[in-house]
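Asks: Now for the letters of each chain:
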Amino acid sequence: MAKELEREGIPTVLLCNIVPIALTVGANRVVPTRGIQYPTGDPSLSREQEEAWRERLLMTALAALETPVNDPTVFPVISGPAGEQWGVKGDSI
Amino acid sequence: MLTLYEHVIRDIRFGDEPSLRDGLLTLAPERIRALAADPLIHSANLHIARPGERVRIVHILDAVQPRAKGGEGIVFPGFLGPPRTNGMGETHILTHCALVSVSLLPRAQEALIDMAGPGASIGPLAKDLLIVLEFAPVEGAPWAEYEATIRLAMLRVAAHLGEIARGVGPDRTRQVPRASSASGLPRVGYIYNLQAQGSYKDTFVYGRSAGEILPTPITPGEILDGAVVSGNYGHPSLKNSTYAHLTNPVIRDLLARDGRDLAFGGIILKPEPVTLEAKELVAGYAANLASLLNWQGAIVTKEGGGNADIDLFLTAERCEQRGVRTVLLMAELAGPDGRTPPLLGSLPSADALVSLGNYEEPVTLSAVERVIGGDSLRLADGPVAGSLTIPIAPIFGSLSPVGLGSIMARAQ
Amino acid sequence: MGLRIVHYINQFFAGIGGEEKADLPPELRSGPLGPGRLIQSLLEGRGEVVATLICGDTYFAEHQEEACRHSAELLLTVKPDLLLAGPAFASGRYGLACGEVARLALHELKIPAVAAMHPENPGAQAAVAGAHIVPCGSSAASMKEAVPRLLALGIKLATGADVSPDVDGYLPRGIRKNVTAELPASARALDMLLAKIAGRSFASEVPLPQFDRVPPAPPVPDLRWATVALLTEGGLVPRGNPDRIESSRASRYARYPIGELRAFVPGEFESVHGGYATDHANADPNRLVPLDVARRLEKAGRIGRLHEVYYTTVGNGTSVQKAQSFAREIAAELRAGGVQAAILTAT
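Chains as they are written, first to last, in our numbering: chain A, 1 to 93; chain B, 1 to 412; chain C, 1 to 347.
Hints are computed from structural coordinates only; laboratory data are not their basis. Any given hint could be a false lead.
[What the hints assert, rightly or not] Quick list of the computed label-pair ranges, beta carbon to beta carbon: (1) S199(B) x E182(C): 36 to 42 Å; (2) R54(B) x T159(C): 28 to 34 Å; (3) R4(C) x L104(B): 53 to 59 Å; (4) P118(B) x P172(C): 47 to 53 Å; (5) P106(B) x A263(C): 34 to 40 Å; (6) A203(C) x R47(A): 50 to 56 Å; (7) A52(A) x T180(C): 29 to 35 Å; (8) E65(C) x R47(A): 56 to 62 Å; (9) E329(C) x G207(B): 51 to 57 Å; (10) S44(A) x E65(C): 54 to 60 Å; (11) E308(C) x T216(B): 52 to 58 Å.
[Unchecked claim] Far from chain A by the CB rule (all over 10 Å, computed), these chain C residues: (12) E20; (13) E27; (14) S30; (15) Q40; (16) L42; (17) R46; (18) E48; (19) E66; (20) S139; (21) G240; (22) R252; (23) A254; (24) R255; (25) E270.
All C-beta atoms in this analysis are idealised placements derived from N, C-alpha and C, irrespective of residue type, glycine included.
Could you build all of it, start to finish, from the sequences and the hints given here?
Replies: Here it is as structure tokens:
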């Protein structure tokens, strides 16, 4: 569906786990998640850590929406040693 | 080298002493019940079902083709004895028959066999003489333990049946080498995916769960001696029974054609992990092994549903990247009317697919006279002995991932 | 055999007239007309074109529902064993009518039916809707070649013979059917693999999905001034699934208001997706649709505005066509709502 929304002109970022297939099927902006059953979560983390992960994931998703792409592109969630966000534009929270 | 003695079973009857003569297998029910006994098993009733009889067998868990070693060693290492590498020496197998276990087990997917009617031409085991062991647990037996107990009981009985053939002249003798000595022919191997997701969906290699293994080479003789055993009660059309492992048609054909139009490069056992990270690891690892073994091509089979398709495609992709061409066997999910696109996704390198049939196409089974294994079916309304319209999937082995079945789908 | 055949043609091939007569409503005439005479001569006693069903191309295109209803009625008065339509060659409106009449004959009236037209005729879409369509040339110059093939397939269908696009040459209908294989899968696989290794051509038995690329939509320059919508294929619905979204092969999607919510509260929302274990998502629905963090980012100004509804469907076995039509409708709503970007979560 991500590809179809883009076809209609709405930049869409897809958060999913099985990235190779998403790319081949043609989603243009993809952010890998940690598990099929919890796209924006990770139950193996503590509540606080999980919310922090969700925030990093969403910030990466927003960066993807603000980035021009030519082909299906993966935007992995990256964080630095002190937890700072890399590859993300805009004010950090 | 493994020497395989094949004994064709033409009929089965009960008697006081077990014997095999001119294809007539005499079973001693008391001996069998004694072998199947266990504190957790309340009863193990013995039934025979012959091809063509209007019999329906329900609540099927697993099937095993009987076999036993002729001299040293044991079959089903890790279960019937210490896990020592086998695949050498002599093994007796009983063909045209199968031992089938039947029991109510929660969480096991319904599986059935019709020995006559439309269902019989679809279910590969309907061509065999079936020895059915119908189990019931003692009250309060924990299901996971009971399930393991049934498996062990089945393997004991299967080995006992194989032992009856010792000393009897075989109908056919085959040599199964550990590796091919053919040269100048395309080198083709088999990447054998095993589903191992723990309880009720497990596969065992030398008695240990295949869940955490890395892809690993194994010789055909070891498979024939029962190194791989099924503990999988997922969809009967998407899982490999122990019978399927033992009679694997891909291995059979690779052995048969070795030296004729191909050189059999070997078998790689490969797990199907749940996370994408692990899937990527084992796909790349298997491809690496395949290229290390100088394969020019690989047949790849899977076990399981849509999640396992990903393992299939990733394996194909990594192999092709290493110059190992691939062909994949898979069942299709094309909907009851055949109109849903059969694949939910794919990868470009997975361009050679062999169809095992549309899993969801309905078939109408005819009414039967006798039912073994239960008096109700979770699949359809109406009496269990009646005419049933069900998707083809619950017919045991019908869309077997290793190609035991005879169905394929094509465009209409 | 004695097959009773009805032949569908347009006003032109029936000899009634050209464009000026294209508004003719459906009518039935006795015996064969136009190309129907060729069909009759090819039958050689195996059957008879008992009637010709005629409809003007313009009438059919502009009153499709009524044309279909009326045609069905007329067909039922004849109760033929077989319907043949066309050939329509490259004529678009004629092709649409032929395809549609063939489809409705087969699927609604259970009358075996075949149409013939150029494969790029827009009417050939009826194949995907289930009609048997035999491809032919683009002009009437190929009439002599096309009609025998139209009839041959028609006879096979009417006599219950097994047919397939590979053997009988009709356009793929996207339908898969189980058959008994002549060779074991292992043998077919080895043959296919040896061909592949040798560089010989081979045919995959399972059709491969078509991957079409969509040019990416331009990025949003700065989301701090934009409205973002949340969507999911994970089947997140209010408790009780009020709109009955199916757990697989969903035939619909839904939108639910989140304007007042700061986060999803477990127990008030649940996942109905049938393709995975939903325990984790149900324990915290924000693991499926990240409302809590999205709302925080909105309050902090990282997003201009979070759209007041989220959209959900179930991506478990949903067909490509459905996904396309959902997306088209949702995109229209999003644009109307001033939404500039979408975040879609999938399981």
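Asks: Any hints from earlier that this structure breaks? Give me their numbers in increasing order, please.
Replies: 4, 7
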